[in-house]
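Asker: For the record, the sequence lines run as chains S, D, B and L.
In terms of this note's numbering, the first sequence opens at residue 81 and continues consecutively.
In terms of this note's numbering, the second sequence opens at residue 81 and continues consecutively.
In terms of this note's numbering, the third sequence opens at residue 81 and continues consecutively.
In terms of this note's numbering, the fourth sequence opens at residue 81 and continues consecutively.
In short, the hints are calculated from the structure, not lab data.
Mixed in with the good hints there might be a few duds.
For identical chains, the list gives no copy identity; a pair is met inside one copy or between any two copies.
Cross-link-like lysine-lysine pairs, in silico, DSS-like; alpha carbons within 27 Å at most [to be verified]: (1) K86 / K141; (2) K91 / K157; (3) K406 / K417; (4) K402 / K312; (5) K91 / K226; (6) K107 / K226; (7) K284 / K160; (8) K417 / K158.
Protein chains: 4
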Amino acid sequence: MIIVMKPNAGKDHVQHVVDLVREYGLKEHVIYGTDRTVIACLGDKRMVDKGAIENAPMVEKIVPILAPYKMASLEVKKDKSLIALGPSGFALGGKKIGVIAGPCSVENRKQLIETAKAVRDAGCIGLRGGAFKPRSSPYSFQGLGKEGLDILAEARDITGLAVVTEVVGVEQVSLVAQSADILQIGARNMQHFPLLEAVGKTSKPVLLKRGMSATLEELLLAAEYIINAGNKNIILCERGIRTFEDYVRNTLPLAAVPELHENTHLPVIVDPSHGTGHAHLVPPMCLAAVAAGADGLIIESHPDPEHAASDGAQSITPAALKDLMKRIRRVAEAIDKTV
Amino acid sequence: MIIVMKPNAGKDHVQHVVDLVREYGLKEHVIYGTDRTVIACLGDKRMVDKGAIENAPMVEKIVPILAPYKMASLEVKKDKSLIALGPSGFALGGKKIGVIAGPCSVENRKQLIETAKAVRDAGCIGLRGGAFKPRSSPYSFQGLGKEGLDILAEARDITGLAVVTEVVGVEQVSLVAQSADILQIGARNMQHFPLLEAVGKTSKPVLLKRGMSATLEELLLAAEYIINAGNKNIILCERGIRTFEDYVRNTLPLAAVPELHENTHLPVIVDPSHGTGHAHLVPPMCLAAVAAGADGLIIESHPDPEHAASDGAQSITPAALKDLMKRIRRVAEAIDKTV
Amino acid sequence: MIIVMKPNAGKDHVQHVVDLVREYGLKEHVIYGTDRTVIACLGDKRMVDKGAIENAPMVEKIVPILAPYKMASLEVKKDKSLIALGPSGFALGGKKIGVIAGPCSVENRKQLIETAKAVRDAGCIGLRGGAFKPRSSPYSFQGLGKEGLDILAEARDITGLAVVTEVVGVEQVSLVAQSADILQIGARNMQHFPLLEAVGKTSKPVLLKRGMSATLEELLLAAEYIINAGNKNIILCERGIRTFEDYVRNTLPLAAVPELHENTHLPVIVDPSHGTGHAHLVPPMCLAAVAAGADGLIIESHPDPEHAASDGAQSITPAALKDLMKRIRRVAEAIDKTV
Amino acid sequence: MIIVMKPNAGKDHVQHVVDLVREYGLKEHVIYGTDRTVIACLGDKRMVDKGAIENAPMVEKIVPILAPYKMASLEVKKDKSLIALGPSGFALGGKKIGVIAGPCSVENRKQLIETAKAVRDAGCIGLRGGAFKPRSSPYSFQGLGKEGLDILAEARDITGLAVVTEVVGVEQVSLVAQSADILQIGARNMQHFPLLEAVGKTSKPVLLKRGMSATLEELLLAAEYIINAGNKNIILCERGIRTFEDYVRNTLPLAAVPELHENTHLPVIVDPSHGTGHAHLVPPMCLAAVAAGADGLIIESHPDPEHAASDGAQSITPAALKDLMKRIRRVAEAIDKTV
């Protein structure tokens with residue numbers, strides 16, 4: 081880290097900070113510039129709360145140099161991780177793009193099995209569907225719970241798709257892990273650390289959604305929690321951030337995809353359904369995500385969006401999904417990938 | 081809710097939407113305007129997922145009319161709620177402003193007891209201190225846990241202050257509820273619904289922090305979850321939102337205070353420590369929050385900020401707190417309140 | 081527009097608003113709902129400042145229904161506009177994607193002519209280059225001015241590329257219009273209305289960049305100013321918005337591309353250079369923009385980015401541009417377009 | 081500035097950067113850390129475009145140390161500037177808070193003179209009123225122009241108030257400077273540099289509004305343009321920023337006030353009318369702004385807000401202003417200031 085002193089900092093102020101730096105177990109390197117004195121600290125430990133030094137007199141600011149995550153970084157593991165998914169063992173993170181689709185919520189057996197078959201026939205490798213739903217309002221449909229999990233398991237047995245469903249609390253992790261192939265951590269739980277640790281203790285792949293105002297560093301630190309607890313099978317998911325834009329439910333910042341690839345070995349998928357909030361924007365943003373280098377997609381699809389129990393506005397029909405998959409395949413091939 | 085049709089919507093499109101509206105148990109009212117047809121829906125139910133109708137052909141947008149929360153609203157309860165806090169039973173939400181102060185984390189007995197006495201002597205009514213700490217990095221100090229709770233309880237016994245501490249997971253609610261007077265839900269957990277329900281089943285007042293990208297509506301819906309689970313003793317806390325601003329850790333939008341007072345009976349306090357991230361900005365923003373009508377404040381104070389285990393940069397010393405309280409008192413009196 | 085009354089609005093409050101509505105030349109339609117009274121206003125005029133009515137007693141909010149722009153909208157002109165560019169008359173807005181490239185600033189004759197040839201050889205149709213530079217700091221390089229324009233004109237004569245350069249003030253419009261083929265309005269000037277009107281009085285195509293915190297509606301209103309002044313040849317340009325994200329100079333919200341296509345007949349291009357701020361993110365975001373349906377791209381390219389007078393960090397070399405164009409071509413073909 | 085190399089940067093990469101640093105006229109200081117090599121650059125010139133070096137191989141990032149503005153900073157001028165306003169020569173920036181009020185637009189003589197008298201009687205020192213109005217839509221009321229200026233001048237003669245009005249383009253600067261006492265640069269023009277230079281060549285005080293997505297650094301750089309052109313009489317104005325918040329027109333970040341006071345000698349006022357967009361939020365945010373240390377306020381007041389030609393929703397009546405001024409006075413006194 082670098083400590084920048086205020087313009088009029090005196091020798092004693094600098095010495096005071098140097099003493100602090102040494103107390104923190106670091107080695108200082110003082111540079112007297114034209115306008116400012118700057119103290120570079122060597123042996124920068126990730127554990128030190130650097131902010132505290134900001135409180136010393138005449139300190140202007142602290143500039144961290146090291147990224148605070150480690151095991152999720154390319155510095156530690158240089159080759160991209162491949163995550164094996166579901167019965168087929170599809171390897172996410174390679175040249176083959178993995179598409180997951182399905183309804184926001186499991187509403188009933190018929191709805192889900194029908195959708196699952198269409199999803200498989202369209203060429204997807206995973207099935208999404210919420211059994212436990214985190215909803216902003218306590219009055220909204222909260223999911224079928226255990227019954228939903230059973231229906232998802234049946235759909236997997238019928239179709240061979242890898243089943244993804246959300247765990248909304250620590251207390252459901254073991255239950256969900258029995259039925260699902262991939263445990264989803266929703267955007268609102270990205271920094272619910274007990275849950276990160278709980279899924280970190282399972283052996284199931286984790287689909288970790290970026291929080292709607294999380295930085296990429298915070299996303300990678302959330303992944304670090306899971307790896308630190310013992311589970312390296314993590315899929316990062318960009319699902320849009322909250323900005324001033326009002327024509328979308330969230331702003332989908334696709335540059336996060338190549339930027340994450342620059343910094344981590346974990347695969348990155350994109351959720352254009354939550355990332356836009358409107359069905360008409362989903363197909364173009366699926367194509368854009370693939371072109372930007374996403375390792376996969378997760379798409380909301382419902383046989384009857386007008387009657388969906390949740391997220392109807394951003395769901396596409398199975399027929400639209402089928403057509404979309406053909407277009408996705410063409411774009412994938414244009415960048416030397418397959419679907 | 082209001083459904084706006086696209087410019088070229090035909091009679092059949094309107095009829096299709098009218099049918100949908102009726103299926104959802106609502107009564108329609110079609111208005112043919114110069115450029116648009118608009119369908120007003122009567123009997124607007126809070127439970128209906130209005131978004132689904134957006135998927136019908138030729139629908140341009142859905143405009144909700146009713147706020148989705150109810151029990152937290154002034155419509156249902158017209159007089160302001162007073163929340164009794166700690167041994168003294170201080171009533172937060174009235175003419176007397178309640179100030180809570182203390183360190184980010186409980187680090188050891190000496191640090192906490194010393195701070196607690198200074199906090200009491202400065203005229204505060206509550207003591208904050210984290211025993212279980214949610215930290216962005218798994219490598220950061222995570223708090224003393226149970227031992228921290230014991231130290232907090234002792235500090236309460238010595239000083240008579242109401243103790244506030246965070247519950248980071250459902251599994252700690254009963255443990256924390258035994259020691260603390262007020263259960264804090266942190267910003268990152270504002271939409272961890274199982275936790276909201278768990279604190280909703282206790283009888284302890286809940287200090288609910290606004291999520292860093294939550295709308296006021298989402299904050300009030302989070303409160304609604306707690307009320308819905310049985311606990312009406314909720315204190316809302318504005319602690320800053322994430323924006324493009326870079327001179328602060330968070331942007332503190334004080335207009336949220338009067339706006340919340342327009343919409344809810346729950347008391348509203350402000351956290352200028354997290355709301356700015358820098359000690360030098362805390363005093364002016366404390367005064368501003370009081371002038372904006374806040375019912376209370378929560379301030380980070382540490383006897384030795386340069387060595388704080390967490391949040392050192394935004395902590396003020398007990399001496400600075402004592403001075404600040406005098407200034408807060410004067411501003412409070414200028415708006416006909418007391419401290 | 082729709083006026084929503086507060087829950088306890090009485091008959092007299094409603095009547096007062098009805099009177100106001102009539103004064104504004106509109107016709108009212110009062111709907112008495114279960115919880116709220118709502119007043120729909122027919123004959124909604126784009127010119128009325130609807131906000132004023134919000135000040136009437138017991139009015140909760142005003143919901144506009146009509147988009148405030150008209151001539152830029154698909155409602156008025158249903159087929160997409162094709163904008164003819166430069167000596168070749170390339171038609172932007174059709175199946176053929178138009179790529180514009182070049183340095184941030186014209187630095188000298190050699191730099192520009194060399195870049196222009198490389199840009200042409202790579203298959204681009206336009207050359208960008210700043211002669212007058214709007215810079216955040218008065219101490220930064222401000223461009224070569226008139227000399228830069230002359231060099232740009234020479235480059236056009238040599239290469240046949242359409243030259244795009246920015247007009248930073250009303251006083252330069254006629255000078256720049258003599259040399260340039262396309263007049264660029266920079267993001268910081270998107271709402272400098274005198275400039276919009278001035279370029280609206282020329283016959284040159286205008287490249288209108290979205291302001292860094294402008295809504296799409298505000299962008300289209302800026303276009304409306306230009307059309308209203310007499311010039312329909314407008315190219316909209318998404319160049320990223322300001323958000324909390326810190327790994328990019330701007331967040332590039334590509335969903336703006338399909339959303340604009342839903343609402344306007346004007347072509348939409350994307351600037352991934354400013355839209356990311358880092359050279360390594362430019363190629364993937366170029367491909368993503370094309371896949372999202374952009375009609376064109378504008379890319380910063382410099383023969384020696386390490387020594388560029390401005391925007392070096394986001395400039396790619398001519399060699400990288402050549403390679404990128406091949407990849408863009410493949411993605412374009414995958415969505416049935418060409419380059 | 082500090083240059084951070086990537087983890088695997090070799091000796092040759094470091095040497096290449098060192099050579100670049102020297103070419104830029106700086107002196108390097110290489111620090112070999114545990115995980116990273118860092119190059120501190122001495123003699124940091126404000127004019128160098130530091131970004132260009134980011135493009136060198138194996139450079140991870142560039143960290144600027146010096147603020148890019150100089151003459152607006154406290155480093156250069158240590159005592160606060162006092163700006164003399166209008167006929168009375170009221171000195172803004174001292175212990176006496178200056179309040180400016182008036183309508184968004186000058187609509188007619190009667191409206192303005194009436195408001196001006198009420199504004200003076202309430203104890204304000206300045207009168208605001210738009211003659212040339214920058215409006216998002218070309219169809220909105222654009223102001224009375226020259227006639228509006230004449231009415232403003234008459235109002236000044238009658239009341240002795242300092243008149244503030246906006247200059248929307250370079251071409252109006254001399255005209256407006258003849259009638260107005262203070263030239264306002266609107267938020268949308270904060271980075272219209274030709275206009276900054278034009279007002280910088282007059283001797284009139286300039287009220288410079290922060291752009292709705294401008295950083296404080298960009299605001300101070302805009303002030304630097306004006307000072308650089310010859311005019312040191314600048315009043316900075318915080319008027320709210322664009323965020324995801326939807327209950328306000330803009331989010332008013334009052335911490336900007338003390339932060340600006342930490343960095344500049346220029347006075348800082350607050351505009352709670354644009355800063356909230358709703359009349360009911362204006363009074364509490366006026367009090368909060370004063371408590372946060374603002375040197376003044378600018379408030380929209382209209383005798384008949386329901387019929388205002390612009391900004392009706394955020395205007396308060398003269399009666400409300402009179403009452404508000406009493407409350408402002410009390411809060412000012414509580415922090416040892418006057419009004």
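Asker: Next, verify each hint and record whether it holds.
Answerer: Structure-based check of all given hints:
| no. | hint | verdict |
| --- | --- | --- |
| 1 | K86 / K141 | both (8 Å within a copy, 22 Å between copies) |
| 2 | K91 / K157 | between (43 Å within a copy, 23 Å between copies) |
| 3 | K406 / K417 | both (14 Å within a copy, 16 Å between copies) |
| 4 | K402 / K312 | neither (32 Å within a copy, 39 Å between copies) |
| 5 | K91 / K226 | neither (66 Å within a copy, 43 Å between copies) |
| 6 | K107 / K226 | neither (55 Å within a copy, 35 Å between copies) |
| 7 | K284 / K160 | within (18 Å within a copy, 48 Å between copies) |
| 8 | K417 / K158 | within (21 Å within a copy, 37 Å between copies) |
Consistency with the previously given hints fails for numbers 4, 5, 6, ordered from lowest to highest.
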